[in-house]
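Student: Sequence:
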Amino acid sequence: MKVEPDSIEGLVTGIKNLDRIDRSFCRAVVEQKYSLEALANRAINWFEEIFTRKK
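The sequence shown begins at 3 in this note's numbering and counts up by one.
Think of the hints as simulated: they come from the structure by calculation, not from any bench. Among these hints, one or two may not hold up.
Ranges between beta-carbon positions, derived for each pair [to be verified]: (1) D21 <-> T54: 43 to 49 Å; (2) F49 <-> I23: 23 to 29 Å; (3) D24 <-> R55: 37 to 43 Å; (4) P7 <-> A40: 15 to 21 Å; (5) T54 <-> D8: 30 to 36 Å; (6) A42 <-> V14: 22 to 28 Å; (7) A40 <-> K18: 29 to 35 Å; (8) C28 <-> D8: 27 to 33 Å; (9) K18 <-> N47: 35 to 41 Å; (10) K4 <-> A45: 35 to 41 Å; (11) D21 <-> F49: 40 to 46 Å; (12) S9 <-> A30: 20 to 26 Å.
Ideal placement from N, C-alpha and C gives every residue a C-beta, glycine not left out.
Please build the complete structure, drawing on both the sequences and the hints.
Tutor: See the structure below:
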């Protein structure tokens with residue numbers, strides 16, 4: 003279940019359904035998006051985009 007940002011109703015629904023979440027899937031998503039390696043790759047991509055822009 004995905005909860006949209008700033009959605010109180012979505013958050014309440016999510017909390018009510020906590021027993022149904024797949025914890026290993028949640029962990030995999032967080033590791034994929036927010037691991038040190040993922041954040042470093044994102045920063046490298048940002049810098050490459052900035053430095054290769056035409057002025």
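Student: Against each hint, give a clear statement of whether it holds in the structure.
Tutor: Hints and how they fare:
no., hint, result
1, D21 <-> T54: 43 to 49 Å, "holds, 48 Å"
2, F49 <-> I23: 23 to 29 Å, "violated, 35 Å"
3, D24 <-> R55: 37 to 43 Å, "holds, 40 Å"
4, P7 <-> A40: 15 to 21 Å, "holds, 20 Å"
5, T54 <-> D8: 30 to 36 Å, "holds, 34 Å"
6, A42 <-> V14: 22 to 28 Å, "violated, 35 Å"
7, A40 <-> K18: 29 to 35 Å, "holds, 30 Å"
8, C28 <-> D8: 27 to 33 Å, "violated, 20 Å"
9, K18 <-> N47: 35 to 41 Å, "holds, 38 Å"
10, K4 <-> A45: 35 to 41 Å, "violated, 25 Å"
11, D21 <-> F49: 40 to 46 Å, "holds, 43 Å"
12, S9 <-> A30: 20 to 26 Å, "holds, 23 Å"
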